[in-house]
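For reference, the chains in residue letters:
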Amino acid sequence: GAVVSQHPSWVICKSGTSVKIECRSLDFQATTMFWYRQFPKQSLMLMATSNEGSKATYEQGVEKDKFLINHASLTLSTLTVTSAHPEDSSFYICSASLGRSSSYNEQFFGPGTRLTVL
Amino acid sequence: GESVGLHLPTLSVQEGDNSIINCAYSNSASDYFIWYKQESGKGPQFIIDIRSNMDKRQGQRVTVLLNKTVKHLSLQIAATQPGDSAVYFCAEMARDDKIIFGKGTRLHILP
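Which chain is which? The protein sequence lines are A and B, in order. Residues 7 to 124 in my numbering are what the first sequence spells out, letter by letter. Residues 139 to 249 in my numbering are what the second sequence spells out, letter by letter.
Treat the hints as calculated values from the structure; they're not laboratory data. Since the model is a prediction, treat every value here as computed from it, not as a measurement. Any given hint might turn out to be false.
[Claimed, not checked] Selected chain B positions facing chain A (Cβ under 7 Å, derived; list incomplete):
hint, residue
1, Ala167
2, Tyr170
3, Pro182
4, Lys206
5, Lys209
6, Met231
7, Asp235
8, Lys236
9, Phe239
10, Gly242
[Unchecked claim] Below are the DSSO-like pairs computed for lysine-lysine, each with C-alpha atoms no more than 30 Å apart in a straight line:
hint, chain 1, residue 1, chain 2, residue 2
11, A, Lys47, B, Lys241
12, A, Lys70, B, Lys241
13, B, Lys236, A, Lys47
14, A, Lys20, B, Lys180
15, B, Lys206, A, Lys72
16, A, Lys47, B, Lys180
17, B, Lys236, A, Lys61
18, A, Lys47, B, Lys209
19, B, Lys236, B, Lys194
20, B, Lys206, B, Lys241
21, A, Lys61, A, Lys20
22, B, Lys206, A, Lys47
23, A, Lys26, A, Lys72
24, A, Lys72, B, Lys209
25, A, Lys72, B, Lys236
26, B, Lys209, B, Lys236
27, A, Lys20, A, Lys47
28, B, Lys236, A, Lys70
29, B, Lys236, A, Lys26
30, A, Lys70, B, Lys180
31, A, Lys26, A, Lys61
32, B, Lys180, B, Lys194
33, B, Lys180, A, Lys26
[Stated by the list, open to error] Calculated from the model, a selection of chain B residues having no Cβ within reach of chain A, i.e. all distances over 10 Å:
hint, residue
34, Val151
35, Gly154
36, Arg195
37, Ser212
38, Asp234
39, Ile237
40, Leu248
Positions of the beta carbon are idealized from the N, C-alpha and C atoms, including for glycine.
Work the whole structure out from these sequences, hints included.
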């Protein structure tokens, strides 16, 4: 159980276009989903926290107008990279939390999406 | 800035030997730590966790040690196998469930 999927697993796009990445919790309802970005040979950096039915909260330095997050249901969150540029090329990873407790809820990570902007 | 970091970027271990991966953290109020394994091109995989009220926790072939006095965390992998090759991250979870990842250590298994 507790499987998180991402789609697509990889995507190549032209500079200036927008790309949407989906994160789904397959067998549980996730009240909270998180989006991370990972550059090559670096660690995961939290970008934003996505709560179902409310606006996402972004970490310092992450442009909310560039990285649009929608969490329309308890099983789906989407990240849209708008007007993508080569420097946005990265590995984007989501995680989903059951959120049963007030704190320290286990998170389940997706397999990641490799974005390459030409 | 990051509150969790690692001492070594790479570690090479002979197959069958034990591996020890170290991690330092800076926030003395940190309460919950997690070790993740990440294989190339994949998402992080939970290995083991530990709360600050414990100093040791064991799983299958893995042990996590927590030394709150010196703010140090370690992951021990017994009888390292080729399948253990990956990047290992220590991470800290805050009360709002945000996870802060350390820099990572790449574990190489020598035949």
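Each hint tested on the structure:
Because the closest C-beta pair between Ala167 (chain B) and chain A is about 13 Å apart, greater than 7 Å, the hint is violated. Given hint, Tyr170 (chain B) at the interface with chain A, holds; its Cβ is 5 Å from that chain's nearest Cβ, closer than 7 Å. A hinted interface residue such as Pro182 (chain B) counts as satisfied when its beta carbon comes closer than 7 Å to some beta carbon of chain A; here the least separation is about 5 Å, so the hint holds. Among the interface hints, the one on Lys206 (chain B) is violated; its C-beta lies about 17 Å from the nearest C-beta in chain A, farther than the 7 Å criterion.
Checking Lys209 (chain B) against chain A by beta carbon gives a least distance of about 18 Å; that is not within 7 Å, so the hint is violated. The interface hint given for Met231 (chain B) holds, since its Cβ lies 6 Å from the closest Cβ of chain A, which is under the 7 Å cut-off. About 5 Å separates the beta-carbon of Asp235 (chain B) from the nearest beta-carbon of chain A, less than 7 Å, and the hint is met. Evaluation of the Lys236 (chain B) hint against chain A yields a held restraint, the C-beta minimum of about 6 Å falling below 7 Å.
About 5 Å separates the beta-carbon of Phe239 (chain B) from the nearest beta-carbon of chain A, less than 7 Å, and the hint is met. At a threshold of 7 Å, the smallest CB-CB gap from Gly242 (chain B) to chain A is about 5 Å, leaving the interface hint in force. Simply put, Lys47 (chain A) and Lys241 (chain B) have alpha-carbon atoms about 9 Å apart, close enough for the 30 Å limit, and the pair holds. Between Lys70 (chain A) and Lys241 (chain B), the direct Cα distance comes to roughly 25 Å. Compliance with the 30 Å bound is thereby established for this hinted pair.
For the hint linking Lys236 (chain B) to Lys47 (chain A), the alpha-carbon distance of about 22 Å falls within 30 Å, and the restraint holds. Only pairs whose Cα atoms come within 30 Å are accepted, and Lys20 (chain A) paired with Lys180 (chain B) is accepted, the gap being roughly 24 Å. Between Lys206 (chain B) and Lys72 (chain A), the direct Cα distance comes to roughly 40 Å. Violation of the 30 Å bound is thereby established for this hinted pair. For the given pair, Lys47 (chain A) sits about 13 Å from Lys180 (chain B) by alpha-carbon distance, which is consistent with the 30 Å threshold.
Distance hint between Lys236 (chain B) and Lys61 (chain A) is fulfilled; the C-alpha atoms sit about 16 Å from each other, no more than 30 Å. With a C-alpha separation of about 25 Å, the suggested pair Lys47 (chain A) and Lys209 (chain B) falls inside the 30 Å cut-off, and the hint holds. Distance hint between Lys236 (chain B) and Lys194 (chain B) is fulfilled; the C-alpha atoms sit about 23 Å from each other, no more than 30 Å. Pair hint Lys206 (chain B) plus Lys241 (chain B) holds up; C-alpha atoms about 20 Å apart against a cutoff of 30 Å.
Note on Lys61 (chain A) and Lys20 (chain A): the hinted pairing holds, with a Cα-Cα distance of about 28 Å set against a maximum of 30 Å. Between Lys206 (chain B) and Lys47 (chain A), the direct Cα distance comes to roughly 29 Å. Compliance with the 30 Å bound is thereby established for this hinted pair. Distance hint between Lys26 (chain A) and Lys72 (chain A) is fulfilled; the C-alpha atoms sit about 12 Å from each other, no more than 30 Å. Our distance criterion of 30 Å between C-alpha atoms is broken by Lys72 (chain A) and Lys209 (chain B), whose separation comes to about 37 Å.
As the CA atoms of Lys72 (chain A) and Lys236 (chain B) are separated by approximately 21 Å, the hinted pair is consistent with the 30 Å bound. Taking the CA atoms of Lys209 (chain B) and Lys236 (chain B), the gap is about 20 Å. The hint holds against a cut of 30 Å. The suggested pairing of Lys20 (chain A) with Lys47 (chain A) holds, with an alpha-carbon distance near 24 Å, which does not exceed 30 Å. Taken as a hint, the Lys236 (chain B) and Lys70 (chain A) pair is honoured in the structure, with Cα atoms around 18 Å apart against an allowance of 30 Å.
The hinted pair formed by Lys236 (chain B) and Lys26 (chain A) meets the criterion: a straight-line CA distance of about 23 Å does not exceed 30 Å. With a C-alpha separation of about 26 Å, the suggested pairing of Lys70 (chain A) with Lys180 (chain B) holds against the 30 Å cut-off. Note on Lys26 (chain A) and Lys61 (chain A): the hinted pairing holds, with a Cα-Cα distance of about 17 Å set against a maximum of 30 Å. Restraint check for Lys180 (chain B) and Lys194 (chain B): the C-alpha separation of about 28 Å stays at or below 30 Å, so the hint holds.
Our distance criterion of 30 Å between C-alpha atoms is met by Lys180 (chain B) and Lys26 (chain A), whose separation comes to about 19 Å. Against the 10 Å criterion, Val151 (chain B) stays outside the reach of chain A, whose nearest CB is about 20 Å from its own CB. In this structure Gly154 (chain B) is separated from chain A by more than 10 Å, as the shortest Cβ-Cβ distance comes to about 28 Å. Here Arg195 (chain B) stays apart from chain A, with its beta-carbon at least about 15 Å from theirs, past the 10 Å limit.
No beta-carbon of chain A comes within 10 Å of the beta-carbon of Ser212 (chain B); the shortest separation is about 18 Å. Once the 10 Å rule is applied to beta carbons, Asp234 (chain B) is inconsistent with being away from chain A; the minimum gap is 7 Å. With a least beta-carbon separation of about 7 Å from chain A, Ile237 (chain B) fails to lie farther than 10 Å from that chain, contradicting its non-interface assignment. No Cβ of chain A comes within 10 Å of the Cβ of Leu248 (chain B); the nearest lies about 21 Å off, and the non-interface call holds.
This entry does not satisfy hints 1, 4, 5, 15, 24, 38, 39, going by the numbered hints stated previously.
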